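**Q** Going down the list, the sequences are from chains A and B. So for the first sequence, the numbering used here puts the first residue at 1; every next one is plus one. So for the second sequence, the numbering used here puts the first residue at 370; every next one is plus one.
Hint data in this document are derived by calculation from the structure and do not stem from the laboratory. Where hints are given, some of them may not hold.
Stated by the list, open to error - Derived DSSO-like pairs: lysine-lysine, alpha-carbon spacing no greater than 30 Å straight-line: (1) A:241 / B:502; (2) B:560 / A:73; (3) A:21 / B:578; (4) B:560 / B:578; (5) A:241 / B:560; (6) B:578 / A:75; (7) A:129 / B:502; (8) A:264 / B:387; (9) A:75 / B:560.
Claimed, not checked - Coverage of chain B stretches by chain A, computed from C-beta distances (three or more under 8 Å per stretch; other residues unrestricted): (10) 402-412; (11) 450-462; (12) 472-482; (13) 516-527; (14) 602-611.
Said to hold, decoys possible - Chain A is nowhere near these chain B residues, computed Cβ spacing over 10 Å in every case: (15) 424; (16) 435; (17) 505; (18) 557; (19) 561; (20) 566; (21) 579; (22) 614; (23) 643.
Values in this document were obtained by computation on a predicted structure and should not be read as measured data. Beta carbons are placed, not taken as given, at the ideal position from N, Cα and C, and that holds for glycine.
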Amino acid sequence: MTSTLTPTRKRSALTKGQLPKAAPYIVLVVALILGAAILALIGFNAFGWGVVSALLFTVGLVSWSGAVEGSRKAKDKLVTCLVVGAFLVALLPLISVIWTVLVNGIPGIVTPGFLGNSMNGVTGAFDNKSVEEGTPVLGGIYHALLGTIQITLLATVISVPVGLLTAIYLVEYGNDGRLARAITFFVDVMTGIPSIVAGLFAAAFFFAVVGPGTKTGAVAAVALSVLMIPVVVRSSEEMLKIVPNELREAAYALGVRKWRTILKVVIPTAISGIASGVTLAIARVIGETAPILVTAGFATNINNNVFGGWMASLPTFIYTQILNPTSPSNPDPSTQRAWGAALVLIILVMILNLGARLIAKLFAPKISR
Amino acid sequence: MTATSLTSSQGAGRAGDKIFSGAALAAGCLILAVLFGVALFLVVQAIPAFVAPAEDIQGGEGFFSYIWPIVIGTLIAAVIALVIATPVAIGVALFISHFAPRQLASGLGYVVDLLAAIPSVVYGAWGAAVLAKEITPVYNWLADNMGWLPIFAGPASATGKTILTAGIVLAVMVLPIITSLTREIFLQTPKLHEEAALALGATRWEMIKMTVLPFARPGIISAVMLGLGRALGETMAVALVLSSGALTASLIQSGNQTIAAEIALNFPEASGLKVSTLIAAGLVLFVITLAVNMVARWIIGRHKEFSGAN
Numbered sequence: 001m002t003s004t005l006t007p008t009r010k011r012s013a014l015t016k017g018q019l020p021k022a023a024p025y026i027v028l029v030v031a032l033i034l035g036a037a038i039l040a041l042i043g044f045n046a047f048g049w050g051v052v053s054a055l056l057f058t059v060g061l062v063s064w065s066g067a068v069e070g071s072r073k074a075k076d077k078l079v080t081c082l083v084v085g086a087f088l089v090a091l092l093p094l095i096s097v098i099w100t101v102l103v104n105g106i107p108g109i110v111t112p113g114f115l116g117n118s119m120n121g122v123t124g125a126f127d128n129k130s131v132e133e134g135t136p137v138l139g140g141i142y143h144a145l146l147g148t149i150q151i152t153l154l155a156t157v158i159s160v161p162v163g164l165l166t167a168i169y170l171v172e173y174g175n176d177g178r179l180a181r182a183i184t185f186f187v188d189v190m191t192g193i194p195s196i197v198a199g200l201f202a203a204a205f206f207f208a209v210v211g212p213g214t215k216t217g218a219v220a221a222v223a224l225s226v227l228m229i230p231v232v233v234r235s236s237e238e239m240l241k242i243v244p245n246e247l248r249e250a251a252y253a254l255g256v257r258k259w260r261t262i263l264k265v266v267i268p269t270a271i272s273g274i275a276s277g278v279t280l281a282i283a284r285v286i287g288e289t290a291p292i293l294v295t296a297g298f299a300t301n302i303n304n305n306v307f308g309g310w311m312a313s314l315p316t317f318i319y320t321q322i323l324n325p326t327s328p329s330n331p332d333p334s335t336q337r338a339w340g341a342a343l344v345l346i347i348l349v350m351i352l353n354l355g356a357r358l359i360a361k362l363f364a365p366k367i368s369r
Numbered sequence: 370m371t372a373t374s375l376t377s378s379q380g381a382g383r384a385g386d387k388i389f390s391g392a393a394l395a396a397g398c399l400i401l402a403v404l405f406g407v408a409l410f411l412v413v414q415a416i417p418a419f420v421a422p423a424e425d426i427q428g429g430e431g432f433f434s435y436i437w438p439i440v441i442g443t444l445i446a447a448v449i450a451l452v453i454a455t456p457v458a459i460g461v462a463l464f465i466s467h468f469a470p471r472q473l474a475s476g477l478g479y480v481v482d483l484l485a486a487i488p489s490v491v492y493g494a495w496g497a498a499v500l501a502k503e504i505t506p507v508y509n510w511l512a513d514n515m516g517w518l519p520i521f522a523g524p525a526s527a528t529g530k531t532i533l534t535a536g537i538v539l540a541v542m543v544l545p546i547i548t549s550l551t552r553e554i555f556l557q558t559p560k561l562h563e564e565a566a567l568a569l570g571a572t573r574w575e576m577i578k579m580t581v582l583p584f585a586r587p588g589i590i591s592a593v594m595l596g597l598g599r600a601l602g603e604t605m606a607v608a609l610v611l612s613s614g615a616l617t618a619s620l621i622q623s624g625n626q627t628i629a630a631e632i633a634l635n636f637p638e639a640s641g642l643k644v645s646t647l648i649a650a651g652l653v654l655f656v657i658t659l660a661v662n663m664v665a666r667w668i669i670g671r672h673k674e675f676s677g678a679n
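The shape of chain B in the complex, shown without the other chains (with noise of 0.2 Å):
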């Protein structure tokens, strides 16, 4: 009838809608199977680490005694890492959020955020080139001094490379990830929890005691997992600060490696089975930050009607 060309047209922008949806849901489900894609061929690629007999791996040993050393290492660097970095935010996301004036906050927010914009390549090259000579009279005196501590043990190394370096470079690059999420959660507190606090006659720092950390805990916490994702992930800032070696329990000597350094610093030189070897050691990484991440985010969703951090 009449409607004939209402409907044929209808068709069309129906045509439309088919296409745009699916296209929508193909994109979305490209992601899970790029996910799914990552860890199968790096699976695949790695099974020839795994079978390989034990004596053409490096070392000589096996894939698991070549392996747990640099598993060990970036544990090591990673928790530097955040020791040093997790007071330090928590203490830049309180002084933004809660002491500093309000019209300077947003402006320290992005000073911090420039932190996060430097690229990693240039964190190691500073770390090499600055850090580590102007830490090194710091290593001496902690090698004479608490060199009773099986840590701090010496002699220190001369040029300052060691994991300690690693770390305070990777602590650097963790700082404004910790920082931003944990700003975001303190500035969600409640603000008549707040008030309240102080109307009891709080001072400030009881308040904060009171109010802002125990309605940021969750927070914090998934805050600093991301944080141990990102430094355990981090490449560059040990393969060019770390003079690497064996596992050492001294983190003032030069020695220990991280697995993503491993990579970097072995793969483009690697054929054959080094190559199988390498990418067996991503996918250790890839499993423990695959890890940390979701016991990150089943955090922060456990917590979602609280928390704004995502």
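Just chain A, same shape as in the assembly (with noise of 0.2 Å):
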């Protein structure tokens, strides 16, 4: 009877409560200084503290919000923070990659020397004396750098232009047929074989040929080229493809050959694109270690002949720094020499990635849609 009286608001069976909008943030203060309590007992340190947080604070957040918003809501809760989680896990290896590679490598770049001598007599009795009397590191990555950029430029220009009209064929001359969808098919089984496998291909190609243990740069630009290729491919026909029929019909009314059309308007217009890819491409070969190791050999000299003798590149000179340092007893150097190669390395491909993007931005063609 009281209730005719007193109209309290009777809440629907359907609805249920919610967590207040600050919920999240209550969560995470209380689980960062019971992570933090927690860690104090067993001994602190900064990773372990973030992980134990992390799981105090999906705990608590999924717990409080079941027993208010019920399973659903809680669920969904769950799932949010897992896949957080998993984008934060993702960070991890990535940002400490980075650190590692600047932490060890500023102190290699900043030798005098390093960008511009080679490892031409530096023997492992210097690197005894730099470690015991604290002299200079001596040696550099100059003939790796060298042998990096004549094999990719290479590789690159026996890439681009195999790419370019293979692309060319599929979307101007292919028609769908059967041929050109065989080589689509093969260019994206390409895209997959291993990069090893790249380069035991061109060095047995070349063992044939050539003679067998035949190892000079041009062997492993064309190891490079058969995992640049597919690449080349697959970013320029997506380019290619994209150029407004109009333009083609165009050309067409005006009575322009079809080679023509292809040189003087498909191209041109899609030159951001394709430039753009190409240098994407760039930036995946140039860091290969593997082709280039079974066909190129080692060198500690510089080699200005990409057809003839051992060559080094940047990515085998780490390896070999690492795996099998110049002086065996004293390490560091050639440990220190390889991370700042690997630095010099990752700079030149975050270079080219940058690159890509601006052709890609500042090239684009006109096109007012």
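If you follow the hints, you should be able to join the two separate chains into one complex; please do so.
**A** In structure tokens form, the structure reads like this:
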């Protein structure tokens, strides 16, 4: 009888309570404090603090939500926590790798002569001396840098015409016929060739054609081309496909030949995308180690001839300096050189990646849509 | 008549057309020839290893008993990588496509692409210098508390250079591949499906479970297969991280070896029959990854009209 006199707001059976807006922040603060307390008991470290706090946060938020909002909302919160957690976990190695390379690489790079000297004549005795007497670490990466640039350039010179022409065939001439579909399929398959197999192929090819034990920069360039061509084909194909058909039809209507249409209309329209795709392809192969390892050998001296003699490259330089230090008893100078080379390599790759984005942005065709 | 000048110029144009289309066709065929050549030259150079008397092959028991432990080792490393990378990659892809604020999403995608841009040898060096050291206490704990499981049988490696560490490094390397492919597919879920689910009162997770995941399933499978192809063939991470040895069940002891690392470590100094043996090992790796990739591409192709994976 009382309810008729004092009207209370009846809650609908379909609605449930809601957490306050600040709930995640409250739980976060509590979790951080609790985590710090727990870690203080068993010995504090920042990484453990983060992990424990994240676990406490998840458990706290989900159980609070379960109590107030019901199981469906709680499950939603749990998944949100897991997904954000996955992203944070994925960031950990990235930060750790970049931090490690920076911390270890900068001492190597600032050593005088690191970028301008080769390893020619640098023996374990010098490394031992630098460890024992504190003299600067001798030797540098000039030969490896030069080798990387030569090998990558030659690979680019081989891959770009082949890749671009193939893309033109697929888009302009293929008509989605049987051959075009076969090429598309096998280009996709080629994308998945392990890099070491590409290296073995180039090695086996030159062993059979030139003679056993042929190891030069050119062999490595062929190996890198096998890896690079499919990337160039895929990206150029995508770019040629988005050139509007109206441009082609306008050219045909003016009586322009197909090949001139392609050269003068289609490719200039797509050139920014193609260039950025090629740059990304270069960035992908410049860091490849395995194919160069089996095709170009190791060199400690400067080699300006791609077609003759063993040739060093940055990735193989890093690899050999770590696995076979110049002075086995004192590996520290070698490690320092390896990290320095790794920093240079990462900087190169990042410049290429950024360059690809810049090219795509700056030279994009001005199509108003 | 008057048209002669026109026709002659047309003739020149026609020649240009022929040359150009011929060049394009030749380039396309060259790619097929290269892939065929990869198989052919590997087979030709590998034949001596197959026909050689068993005692001449490394290990002295023939090519088959040389290759199978490292095939198993390759599979172990790749499976570890996928078991770790797949859930994380799907989580990251979901985060970028459905959880992160719109303005952040493309920037976060670029961060994940950065992971893919770092050269494999740097990952290898990082795995050997940092990860192996940091993870040793975990291995000791596993050996003490879970040692009854054969895969965690102790004593744990003191250097941390085990197949599990190599697998973790591989996981970091395949993560961006799986992430970028699945993210593309998640983004292509029909907006109307998602909105219908939300309009019926579904929470975000229920919406994802009911619309995004069923739509993306074939895409996820093929992305994982492509990641598997990469993990099988990755060389440097394993060559630098793993201190290799005979095939062992325990993941936290040194031991095991993968095909790619075996080739990279031995090829530079190899000669004679050893070269053939290693090339034969490369052929085996090529066949395995080819099969994995073809299955992945076939799944993508079958669902081409739904997914934008390629």
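**Q** The structure should be examined with respect to each hint, and the outcome stated for every one.
**A** Quick rundown of the hints versus the structure:
1. Note on residue 241 (chain A) and residue 502 (chain B): the hinted pairing is violated, with a Cα-Cα distance of about 49 Å set against a maximum of 30 Å.
2. Straight-line distance between C-alpha atoms of residue 560 (chain B) and residue 73 (chain A) comes to about 22 Å, which keeps the hinted pair within the 30 Å bound.
3. With a C-alpha separation of about 25 Å, the suggested pairing of residue 21 (chain A) with residue 578 (chain B) holds against the 30 Å cut-off.
4. At roughly 14 Å between alpha-carbon atoms, residue 560 (chain B) and residue 578 (chain B) fall within 30 Å of each other, so this suggested pair holds.
5. This hinted pair checks out: residue 241 (chain A) and residue 560 (chain B) have alpha carbons roughly 25 Å apart, not beyond 30 Å.
6. For the given pair, residue 578 (chain B) sits about 12 Å from residue 75 (chain A) by alpha-carbon distance, which is consistent with the 30 Å threshold.
7. Of the supplied pair hints, the one linking residue 129 (chain A) and residue 502 (chain B) holds, its CA atoms being roughly 28 Å apart against a limit of 30 Å.
8. A hinted pair counts as satisfied when its Cα atoms are at most 30 Å apart, and residue 264 (chain A) with residue 387 (chain B) qualifies at roughly 17 Å.
9. Taken as a hint, the residue 75 (chain A) and residue 560 (chain B) pair is honoured in the structure, with Cα atoms around 23 Å apart against an allowance of 30 Å.
10. Look at the stretch 402-412 of chain B against chain A: 6 of its residues bring a Cβ nearer than 8 Å to a Cβ of that chain, three or more, so the hint holds.
11. For the stretch 450-462 of chain B, the stated coverage by chain A is satisfied: 6 residues place a CB nearer than 8 Å to a CB of that chain, which reaches the threshold of 3.
12. Counting residues of the stretch 472-482 of chain B whose beta-carbon sits less than 8 Å from any beta-carbon of chain A gives 4, enough to reach three: the coverage restraint holds.
13. Note: the stretch 516-527 of chain B has 0 residues with beta-carbon separation from chain A under 8 Å; the three-residue rule is not met and the coverage is violated.
14. Counting residues of the stretch 602-611 of chain B whose CB falls under 8 Å from any CB of chain A gives 6; the rule of at least 3 is met.
15. In this structure residue 424 (chain B) is separated from chain A by more than 10 Å, as the shortest Cβ-Cβ distance comes to about 23 Å.
16. Chain A leaves residue 435 (chain B) outside its interface by the beta-carbon criterion, the shortest separation being 16 Å against a cut-off of 10 Å.
17. For residue 505 (chain B), the non-interface assignment is confirmed: its Cβ lies about 14 Å from the closest Cβ of chain A, beyond the 10 Å cut-off.
18. Annotated as non-interface, residue 557 (chain B) keeps its C-beta farther than 10 Å from every C-beta of chain A; the closest such distance is 16 Å.
19. Taking the minimum C-beta to C-beta distance to chain A, about 21 Å, the non-interface status of residue 561 (chain B) holds against the 10 Å cut.
20. Distance check for residue 566 (chain B) against chain A: the nearest CB is about 13 Å away, which clears 10 Å, and the non-interface claim stands.
21. Every C-beta of chain A lies more than 10 Å from that of residue 579 (chain B), the closest at about 13 Å, which supports listing it as non-interface.
22. The beta carbon of residue 614 (chain B) is kept farther than 10 Å from every beta carbon of chain A, the shortest such distance being approximately 16 Å.
23. Every beta carbon of chain A lies more than 10 Å from that of residue 643 (chain B), the smallest distance being close to 12 Å; the non-interface claim holds.
Going through the hint list in order, the structure does not satisfy hints 1 and 13.
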